[in-house]
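There are 2 protein chains.
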Amino acid sequence: MRWRRRTPVTRGFQWDVRPWATSSSMRSCATTQRIPTGSIAIGSCCLLVMRYNPKNPYWFNRDRFVLSAGHGCMLHYALLHLAGYDSVKEEDLKAFRQWESKTPGHPENFETPGIEVTTGPLGQGIANAVGLALAEKHLAARFNKPDAEIIDHYTYVILGDGCQMEGVSNEACSLAGHWGLGKLIAFYDDNHISIDGDTEIAFTEDVNARFEALGWHTIWVKNGNNGYDEIRAAIEEAKSVKDKPTLIKVTTTIGYGSPNKANSYSVHGSALGAKEVEATRQNLGWPFEPFHVPEDVKSHWSRHISDGAALETEWNVKFGEYEKKYNEDGTILKGLISGDLPSGWEKALPVYTPESPADATRNLSQQCLNALAKVLPGLIGGSADLASSNMTLLKMYGNFQKDSPQERNLRFGVREHGMGSICNGIALHSPGLIPYCATFFVFTDYMRASIRLAALSQARVIYVMTHDSIGLGEDGPTHQPIEHLMSFRMMPNILMLRPADGNETAGAYKVAVLNRKRPSILALSRQKLPQLEGTSIEGVERGGYTISDNSCNNRPDIVLIGTGSELEIAAKAADELRKAGKAVRVISLVSWELFEEQSPEYKESVLPKAVTARISIEAGSTFGWEKYLGTEGIAIGIDRFGASAPAGKIYKEFGLTAEKVITASHSLFK
Amino acid sequence: MRWRRRTPVTRGFQWDVRPWATSSSMRSCATTQRIPTGSIAIGSCCLLVMRYNPKNPYWFNRDRFVLSAGHGCMLHYALLHLAGYDSVKEEDLKAFRQWESKTPGHPENFETPGIEVTTGPLGQGIANAVGLALAEKHLAARFNKPDAEIIDHYTYVILGDGCQMEGVSNEACSLAGHWGLGKLIAFYDDNHISIDGDTEIAFTEDVNARFEALGWHTIWVKNGNNGYDEIRAAIEEAKSVKDKPTLIKVTTTIGYGSPNKANSYSVHGSALGAKEVEATRQNLGWPFEPFHVPEDVKSHWSRHISDGAALETEWNVKFGEYEKKYNEDGTILKGLISGDLPSGWEKALPVYTPESPADATRNLSQQCLNALAKVLPGLIGGSADLASSNMTLLKMYGNFQKDSPQERNLRFGVREHGMGSICNGIALHSPGLIPYCATFFVFTDYMRASIRLAALSQARVIYVMTHDSIGLGEDGPTHQPIEHLMSFRMMPNILMLRPADGNETAGAYKVAVLNRKRPSILALSRQKLPQLEGTSIEGVERGGYTISDNSCNNRPDIVLIGTGSELEIAAKAADELRKAGKAVRVISLVSWELFEEQSPEYKESVLPKAVTARISIEAGSTFGWEKYLGTEGIAIGIDRFGASAPAGKIYKEFGLTAEKVITASHSLFK
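As given, the protein sequences belong to chains A and B, one line each in that order.
Following the UniProt record's numbering, the numbering of the first sequence begins with 1 at its first residue and continues without gaps.
Following the UniProt record's numbering, the numbering of the second sequence begins with 1 at its first residue and continues without gaps.
Be a bit skeptical, because a hint or two may be false.
When chains are identical, the list treats them as one kind, so a pair holds in a single copy or across two.
What the hints assert, rightly or not - Once the Cα atoms are required to be at most 25 Å apart in a straight line, the calculated PhoX-like pairs of lysine-lysine come out as:
| no. | residue 1 | residue 2 |
| --- | --- | --- |
| 1 | Lys145 | Lys325 |
| 2 | Lys242 | Lys395 |
| 3 | Lys627 | Lys660 |
| 4 | Lys649 | Lys94 |
| 5 | Lys347 | Lys572 |
| 6 | Lys660 | Lys55 |
| 7 | Lys318 | Lys395 |
| 8 | Lys395 | Lys510 |
| 9 | Lys670 | Lys609 |
| 10 | Lys649 | Lys89 |
| 11 | Lys609 | Lys298 |
| 12 | Lys652 | Lys94 |
The set of hints was computed from the structure by calculation and includes no laboratory data.
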């Protein structure tokens, strides 16, 4: 099999589409390479119409482009290369899908400047694009002035049949229609072919009719293979419809240009082969060497370098004037663009004492969110139809809606997955935007693909996950998380935080805001919890810390480790054991990841190796606790599904009680 | 707050809807109770029209009913009670949401006979219903004869706004339309209210238009509160449309009957309160005591007991005749109804020797599937548009399609979540149906909510999850699972199996088929693996076992533990270490759950406590390996996201090599 690569080129104003090259040196890459040929014309039109500065991929007011059908990333890399981005040079193209290259097998925003979001898992890109368009609409509404339209860009996205089939795209597109995101322009590359063959075998719905039902404007370009004029006209039409997003269905032929393999599924999942590449090159009249870009093509695309520089310069001047005239807004917007946090923001976090009233951490979370919203202009978010349960409303703001896009409460409806992916888009739109989103903790299962992508793509999303254990009670096992805490503790580049009270909730928010390159999940209780002695924001920042200890010389008789709602139980058991003359240390292990990042000395000071009598208590899976309990410790937790009953009853039946901790302790005393 | 309960009743043919009762003894249940009042008329119509036998909830040819809006389960419990099901007696109603009651906070098929599937997580029920309707269509096509329509039932489902917003429902409904599931009748309770208030804040799409686009027949009943005649007429119309599923949008008023709270979101999430319940009772003219069912109502509903018994008797006679006339099909169908496996089925599993050619376990899996399909008539399944990558095609069968429903290859399109939920429905339709479904292992993230529900609801679904590690290579980190293996090992009631070669793959299938009450996930390699010495089906059945050992007296110098594709690396390292004179045991830990279920003696015989020099190697998160490695062992794995490069390169860069195992071993030798 031969390596196959295609890219769009242009001769003056006469468009053409031709395969670029074969390269025998790249054979090894061929087997899983999939380039949606039909998208070439669409992608070329986008990148030629769009406003951006190739020499500064981060220019704030750039149009955004998302290849939701991320498996066709070579198309995007080739376009970036032609457009003059320094991130994708010829040698990068040649290193396609190789170790540490700038051109990995799917588009990754953290590897390649010019790539806005990480796509590949289908449906994510279009949902991210909804988030990008939402961010634009929101910021424009907040910051533009009658005499200064400082934020004003489009979001373009290409999605394929696969993206259309995924539920997450329907969720996000329903919201895009509801919100009237008029500057979102989505191209549906309708090539009838997916990996398993003709889409007729599984996908016969009327896509444009569905989008009309979702409140979108729709257009159908019937000749997408080389109907450049029609595609450009469709873009113009889409721009003219300001109150609705637009779906442009573009019917294309997969493998267009290949005389023997066009319109077959074999073009989707594997390479053409040397012979067919040659035939295609002949068929399209493309005589050039692999990777050669003819001069006329080069010069046509190179105008983006000068045009883009001019665009940014012009905007910078405009922004300078804006700052002068609208001093306060200018300062705020500058912070959102740079990502710098207002100094002293963390002082807004509430502080609690053991005398403060007991409260559910979901309520304490709302206090934090409302306190932070005043000092963090980028904080924006909401819940998947559980705002009054997740306690996520920002009371001083209204709802972000079609006609009130300046507001900061997002209403996602019952669309967890779409919510997560939209938040990824918001986070990656502006360094200073801090999206948060909420549902019951168990329903992270619905949005796990988007959470993982936040972690991978270094998007600072804050997940406000309430009802975090059997403590939610009567709703029963479908609503009670068991394995979820642990399952996120092992996910790379994400912080799993389970605060125990007010101070720890405040600490969790501090950590979440400060971690610019990783998302944070806050697991919060539905039930009331006391404000504990010894908890602190600083403790949370270290992940694990001692909240009480009556031992000497770092040698307690036993260490009790709790998290979240069970830290109270550990503290109670410790009180009893101390009355009985024991030296007991209680540790809050609010974030395993942060604790692991501490120095060996600090860790030893909290969890001395010599003390092997250790008990953990946590209303979740005991799997993994061996890490901190060693071979002798005892994990008290839940290794079955939950049950429907009042929370107190379940805690008792499942043995999550101070009595159980005390009994277990006695079995460990030497 | 007072406990509130409503149920539909009927007086002769004059329908009415009235709140049943308040019960001060149940106050504690009130806060999170949510009953979609508007659904009462719909639910009553369904349960009165449906064909079932209350005294045998498992009668095979019953109509199926699913309350996808599972939070309104009291409606379903009350209907089951009225219809004469023994599973829901008055005392069960009174024990609503209490410990070990038959009436938990959401419908749970494993708790309450008469409940078909477990719902509550929104969107699942409608997708399950698609699976139930698929199973009916498939079995009818396979077993019905011109003179014997032995399988012939409808599937009814009620879904609310929440279900409609979830992406999984769009995925499943797109397939239902594609497959032309004419006997699926879905009621959309359009009450405009969800937890966060009026659906106007997040849900303004045209639902019926969307369903038309998905290929459904749609009806709109505008007065759903008491438009019983219209609802019944709609059901008749739906039945007359045989080539499409039908969505009946029924516009209702939430809290209908409550003079002050109807049509408000406060009725969704919390109870009416004693005063308003009283006002509602007066408004509706309902003078009876709590839980009292008036005689005329009782007698009207009780006909289901006699009618249902007669229906089943009639069907049994018919089935008797069928068995006589169509001996072979009768025997097969009987097995599908009982769930009994054909004797000796497991002999069909392929057996391999170390001389058998190296192969990817995904290919070996296909050999197993194709071998089993011949002997297991209930095996049916497919992939989410990756059949040729997951290797899931049953070669002797065609595609299940609208006009070929007797076939056994399901084509799910790129709809992982819908696929999972549909498979739950298939598994719970017939004890003998064994659905399998497939995608890349990393994309279990897309369908995790449905996998968890399979585990909870004891649905035997087999998940064929290929491309199970960085071994997939170039597609990169978005496609490479890291934390997934561990995250499923800690999920209750599911088996996570990671076979290393042909024999282990066969063993994994044997285990998966035999575990009737729990689902199994098979993690399979994309890359070729050798057939190892010492692997066996029997070993897999024990979860963990020794594949090679040159030690004496159960005291090796070191134990190397591998799973799946890394068992080969462990074996290679052992060879080298043995050459150097070491006594080395190699253990395959193919399923942690099965290993944990073995006797302490067996576990000790495999992993002797005295041998603390232990190394694990697995291309995934090392989190959790402490369980088997103790405090001294070394886990070789991956605690970061993957990378895009050829697989061999990534293995080397990540240190997953025999050399690394050998080096680590030397650090452990005393």
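Status of the hints after comparison with the structure:
For the identical chains of this complex, Lys145 and Lys325 are intra-copy neighbours only, at 10 Å inside a copy versus 82 Å across copies, given an alpha-carbon limit of 25 Å. Taking the shortest alpha-carbon separations for Lys242 and Lys395, neither the intra-copy value of 30 Å nor the inter-copy value of 51 Å comes in at or below 25 Å. For the homomeric pair Lys627 and Lys660, the shortest alpha-carbon distances inside one copy (21 Å) and between copies (22 Å) are both at most 25 Å. Taking the shortest Cα distances, Lys649 and Lys94 sit within 25 Å of each other only across copies (17 Å), while inside one copy they are farther apart (63 Å).
When the C-alpha separation of Lys347 and Lys572 is checked against a cutoff of 25 Å, the pair qualifies neither within a copy, at 31 Å, nor between copies, at 58 Å. Taking the closest pair of Cα atoms, Lys660 and Lys55 never come within 25 Å of each other, the shortest separation being 63 Å inside a single copy and 43 Å across copies. In this assembly of identical chains, the alpha carbons of Lys318 and Lys395 never lie at most 25 Å apart, being 34 Å within a copy and 65 Å across copies at closest. For a Cα distance limit of 25 Å, the shortest separation of Lys395 from Lys510 inside one copy, 20 Å, qualifies, whereas the shortest one across copies, 57 Å, does not.
Taking the shortest alpha-carbon separations for Lys670 and Lys609, both the intra-copy value of 16 Å and the inter-copy value of 21 Å come in at or below 25 Å. In this assembly of identical chains, the alpha carbons of Lys649 and Lys89 lie at most 25 Å apart only when taken from different copies (23 Å versus 64 Å within one copy). Neither within a single protomer nor between protomers do Lys609 and Lys298 lie at most 25 Å apart by alpha-carbon distance, with minima of 65 Å and 69 Å respectively. Taking the shortest alpha-carbon separations for Lys652 and Lys94, only the inter-copy value of 22 Å comes in at or below 25 Å, while the best intra-copy value is 62 Å.
The earlier numbered hints that this structure contradicts are 2, 5, 6, 7, 11.
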